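Protein chains in written order, with our numbering: chain A, 5 to 315; chain B, 234 to 531.
There could be a bad hint or two in this list.
Covered stretches of chain A, going by a simulated chain B footprint (3 or more residues, C-beta under 8 Å) [to be verified]:
| hint | segment |
| --- | --- |
| 1 | 55-69 |
| 2 | 90-97 |
| 3 | 104-113 |
Every beta carbon over 10 Å from chain A, so not counted as near; a handful from chain B, in silico [stated by the list, open to error]:
| hint | residue |
| --- | --- |
| 4 | L285 |
| 5 | G291 |
| 6 | L301 |
| 7 | K307 |
| 8 | F329 |
| 9 | L386 |
| 10 | V463 |
| 11 | A476 |
| 12 | L479 |
| 13 | L506 |
| 14 | P517 |
Treat the hints as calculated values from the structure; they're not laboratory data. Bear in mind the structure is a predicted one, so any value in this text is a computation, not a measurement. Note that the Cβ used here is the ideal one computed from N, Cα and C, for glycine as well.
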Amino acid sequence: MQAHRDHPVLALGGITKRYGGVLALDDVTLQVAPGAVHGLLGRNGAGKTTLLRIVLALVRPDAGRVELLGRVRTHGDAPLPQQVGGFVEAPRCYPYLTGRRNLELLAALDGAPLGGAGESVGDVLDQVGLGAGADQRAGGYSLGMRQRLGLAAVLLRGPRLLVVDEPANGLDPAGVRDLRALLADQAGLGRSVLLSSHSMAEVQELCSDVTVLHRGVVAYDGPLGGLRAMAPPSAVRLRTSDDGAALTVAAGLTGVTAQRHRSGGLSVTARTRDRDLLVHALSRAGVAVRSLEPGDDPLEAAFLTLTTGAA
Amino acid sequence: MSATPDLTPDAGPVACPHPQASGTADRTVRLGTAVRVEVAKLVAQRPARALLTLAVIGPVLLVAALRLQAGLPKDTLLGRQVRESGLAPSLLLLGFAGQWLLPLLVALVGGDIVAGEDRHGTWPTVLTRSCSRVTLLWAKVLVTAGWVLAVVLALAVSSLLAGLALVGTGPLLSLSGEPIPPGHGVLLVLAAWASVLPPALAFAALAVLAGAVTRSTALAVGVPVVLALVMVLLLLVPGLGPARHLLLASSFSSWHGLLTDPTRLWPLVRGSLVALAWAGVCLPVAFTVLRGRDEPGG
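Go ahead and model the full structure; you've got the sequences and the hints to work with.
Structure, rendered in structure tokens:
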């Protein structure tokens, strides 16, 4: 997924949004490159969904600029550009219509003849794995089926930019796997994806770039590798035959920080080489090492570091 | 969840629903298309179909009941004639409909056509298509107007045919006491039903506004109905003077002028102008609210 930052499909500049006395977004700037899957991370209430709503013209920013596919949005009455599609939170549909009829009406609102988009509707239904349930009333759909229908509604627009908010919500493990494959495939076709997600595994698997929001402010914006590199040395969990003696041994070594873990054993922070030295020293001191468990995932650790404490 | 997930890349490129989707030009959906979409949604809803059916069957049942019951509704306008002239039951229903039935029937659709999008959380779904907010709102207003027309037509034709079939073609006595020949009477009854279209449309506009402001179907339906009843009560208040003519309930009874000798058309004109003024206030405010608001829902 090669980034072409000169011609982003989405460029947000200085986006600010306030709800009453609450500053939801403060001077948010980000760009999504063509063909990139761009992750949007943040804790609950960080402003991710508000930002996606602004991109989809559902919410007007108080300040800032939204440039979609090279054109600045004026926040007037113009509809969303044809080649942008997406949903925020759980996609919604008309419960008294079938999934297929929902899509036919949405296709009509995209300019297709009413009832004349049957082939395209069938194609996207098959693509999201909803072909078998397409003629059931959407009111009886499970959360996962509604997610699939929402995704089908987005794909129906043939978008160059897909904006999706937690698309894996409600999907079973196989559905999650297939969703990720589909999003990766969209990127492979040159389409861009702005993906809001709480799943680090999803972000690691799909995203080339990420933006981390914390309390409405951009805490990180750049390549995924750059975020991973910001992770602090990870702590490992050490279980020994004598934790007291192990603490004394660790205290005698430079580059090793050890403390009792609240759930038992020790929490040890050290680079790999220093950790090896600690294991040797413990062995020489007659302290048996019973287990050495990996600590936090580097990406998760970096995320937690960026989104813990004051902005 | 379907049994066989197929979100696979093997499914190939996404098919575009129409050629323009792969081009660069944006398209704005025309009003006619948006109207057809709204009609399709309305027709698919059981409550709307049930209400229209009720508007057809209800008058027949009413006329049958009036014919079978022992006494006459003497305290209602034209109530003494319901077994003498087949035109009277239709006008009796008209008088009754203007008090709260028509406001209810139009508000059930006019309120829900806007607030229903909030109830289902579908504003973000439709506002992320290629249809502008204004086009979408006009489509909703036009479909609501069509619904008003359909309901009034159903009530009028059904009650008129049921009256003529079950009661007969006896002459109707005007409010001044002169007999009206059946042929002319039918035209007057249809004109009387047509005269309630403007206030019914005004109540529909009120329901649209209530839906836009409250985002609640219950309030969007309830507010116009309660207002209708309040207006009926206000008409009973003595000393209201000319201000009474500003009430939509007054517009609903302006057809009385058709049944006097000489015919009084000014109440009809005034009632229509008052209804136009109500709609002329409600709709622009509703449009302003709907165009300007953020859509925080999912």
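Against the structure, the hints:
Here the segment 55-69 of chain A counts 6 residues with a CB under 8 Å from a CB of chain B, which clears the bar of 3, and the coverage holds. Note: the segment 90-97 of chain A has 8 residues with beta-carbon separation from chain B under 8 Å; the three-residue rule is met and the coverage holds. Residue count for the segment 104-113 of chain A with a Cβ under 8 Å from a Cβ of chain B: 6. That meets the three needed, and the coverage hint holds. For B/L285, the non-interface assignment is confirmed: its Cβ lies about 16 Å from the closest Cβ of chain A, beyond the 10 Å cut-off.
Every CB of chain A lies more than 10 Å from the CB of B/G291, the least distance being 23 Å, so the non-interface label holds. Every C-beta of chain A lies more than 10 Å from that of B/L301, the closest at about 37 Å, which supports listing it as non-interface. Distance check on B/K307: its Cβ is at least 45 Å (rounded) from any Cβ of chain A, clearing the 10 Å threshold; non-interface status holds. The Cβ of B/F329 lies farther than 10 Å from every Cβ of chain A, with a closest approach of about 31 Å, so its non-interface assignment holds.
The beta carbon of B/L386 sits about 25 Å from the closest Cβ of chain A, which is more than 10 Å, so the claim that it is off the interface holds. At roughly 33 Å, the least C-beta separation between B/V463 and chain A is larger than 10 Å, which holds for a residue marked as non-interface. Separation of B/A476 from chain A is adequate, the least Cβ-Cβ distance of about 38 Å exceeding the 10 Å criterion. Non-interface status of B/L479 relative to chain A is upheld: no Cβ of that chain comes within 10 Å, the nearest being about 33 Å off.
B/L506, annotated as away from the interface, keeps every beta carbon of chain A farther than 10 Å; the closest lies near 30 Å. With a least CB separation of 15 Å from chain A, B/P517 remains clear of the 10 Å interface cut-off, as annotated.
Taken one by one, the earlier hints all hold for this structure without exception.
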